[in-house]
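Colleague: Modelling step: build the complete structure from the supplied sequences, incorporating the hints.
Going by the working numbering, the first residue of the sequence shown is number 26, and it counts up by one from there.
Keep in mind that a hint or two might mislead.
[Claimed, not checked] Here are the simulated lysine-lysine pairs, BS3-like style, with alpha carbons at most 27 Å apart: (1) K156 with K246; (2) K51 with K199; (3) K83 with K51; (4) K245 with K222; (5) K222 with K140; (6) K51 with K114; (7) K188 with K42; (8) K86 with K165; (9) K245 with K156; (10) K156 with K91; (11) K165 with K94; (12) K165 with K199; (13) K94 with K59; (14) K51 with K94; (15) K51 with K91.
[Stated by the list, open to error] Label pairs and their computed distance ranges (CB to CB): (16) V181 with T259: 21 to 27 Å; (17) K165 with G36: 39 to 45 Å; (18) V44 with K232: 45 to 51 Å; (19) A233 with H172: 18 to 24 Å; (20) I109 with Y224: 43 to 49 Å; (21) A233 with R180: 22 to 28 Å; (22) L238 with P116: 38 to 44 Å; (23) P35 with K114: 18 to 24 Å; (24) Q240 with K165: 18 to 24 Å.
Hint data in this document are derived by calculation from the structure and do not stem from the laboratory. Small disclaimer: the values here were computed from a predicted structure and weren't measured. Positions of the beta carbon are idealized from the N, C-alpha and C atoms, including for glycine.
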Amino acid sequence: MKIESFDLQPGRTIARKYVVSDQLGKGWEGEVYKIIESSTGIPRAAKVFYPQRNENGKAAKLYANKLHKLRNCPIIIQYHNQEIITVKKTPITVLISEYVEGEMLADFLRRQRGKRLSSFEAVHLLHELMKGIEDIHRHKEFHGDLHDGNVMIHRVGLGFRLKLIDFYHRYTTKRENIQQDIIDSIRVFYDVLGGQKHYRSHPQNIKAICCGLKQGLILKKFPTATKLRNHLETMAWE
26 MKIESFDLQP
36 GRTIARKYVV
46 SDQLGKGWEG
56 EVYKIIESST
66 GIPRAAKVFY
76 PQRNENGKAA
86 KLYANKLHKL
96 RNCPIIIQYH
106 NQEIITVKKT
116 PITVLISEYV
126 EGEMLADFLR
136 RQRGKRLSSF
146 EAVHLLHELM
156 KGIEDIHRHK
166 EFHGDLHDGN
176 VMIHRVGLGF
186 RLKLIDFYHR
196 YTTKRENIQQ
206 DIIDSIRVFY
216 DVLGGQKHYR
226 SHPQNIKAIC
236 CGLKQGLILK
246 KFPTATKLRN
256 HLETMAWE
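Modeller: In structure tokens:
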């Protein structure tokens with residue numbers, strides 16, 4: 026059965042042990058909710074898979090195994106267990122993981138002055154993101170779907186703490202996926218700076234990171250996450 030939206034309402038009990046609090050995000054594979062474990066009151070996160078995107082449980086299995094493989098990467102949420110619930114008489118796979126404090130990057134940006142970050146803040150955010158992506162790539166894995174709806178952000182002191190709440194398994198080579206993570210990270214950087222509307226006003230050192238969003242130029246200059254991280258740590262400010 027094809028389901029486009031679960032629309033799980035706050036207060037609904039799922040798997041007889043969790044109560045839905047609110048929806049955190051929505052992607053190609055499914056929806057992510059904040060839930061409360063009934064017996065302990067501990068908040069968790071639940072990824073609920075659309076059945077048409079999870080034939081025979083394959084997508085959920087890939088996702089769970091990737092989280093397990095990357096369990097020592099600080100930017101990755103910790104996987105707990107799998108549950109099966111019934112929606113519209115259809116068995117639905119739900120993956121339960123840790124709930125992290127913060128808000129979606131898209132929501133965070135809407136609260137900022139001008140709905141964007143300053144160059145200095147944006148570089149700090151990109152640096153934190155690249156440390157996490159570098160860690161993922163070191164495990165020969167990739168994220169596959171980086172955008173402001175999949176990044177959770179929590180401001181800490183002068184910088185940010187980030188968590189990635191979703192993955193997407195692309196059926197292409199890992200090298201291509203790893204390169205796409207770098208391209209997508211710079212796109213996130215470009216967007217948090219205000220996108221095309223403000224691009225011309227940025228100093229040259231910022232434009233040198235964005236590379237005009239030209240993928241060939243980005244990969245030539247930053248072929249790896251490590252290369253981009255090193256650039257951010259040594260770049261000169263104008």
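Colleague: Which hint numbers does the structure go against, in order from smallest to largest?
Modeller: none
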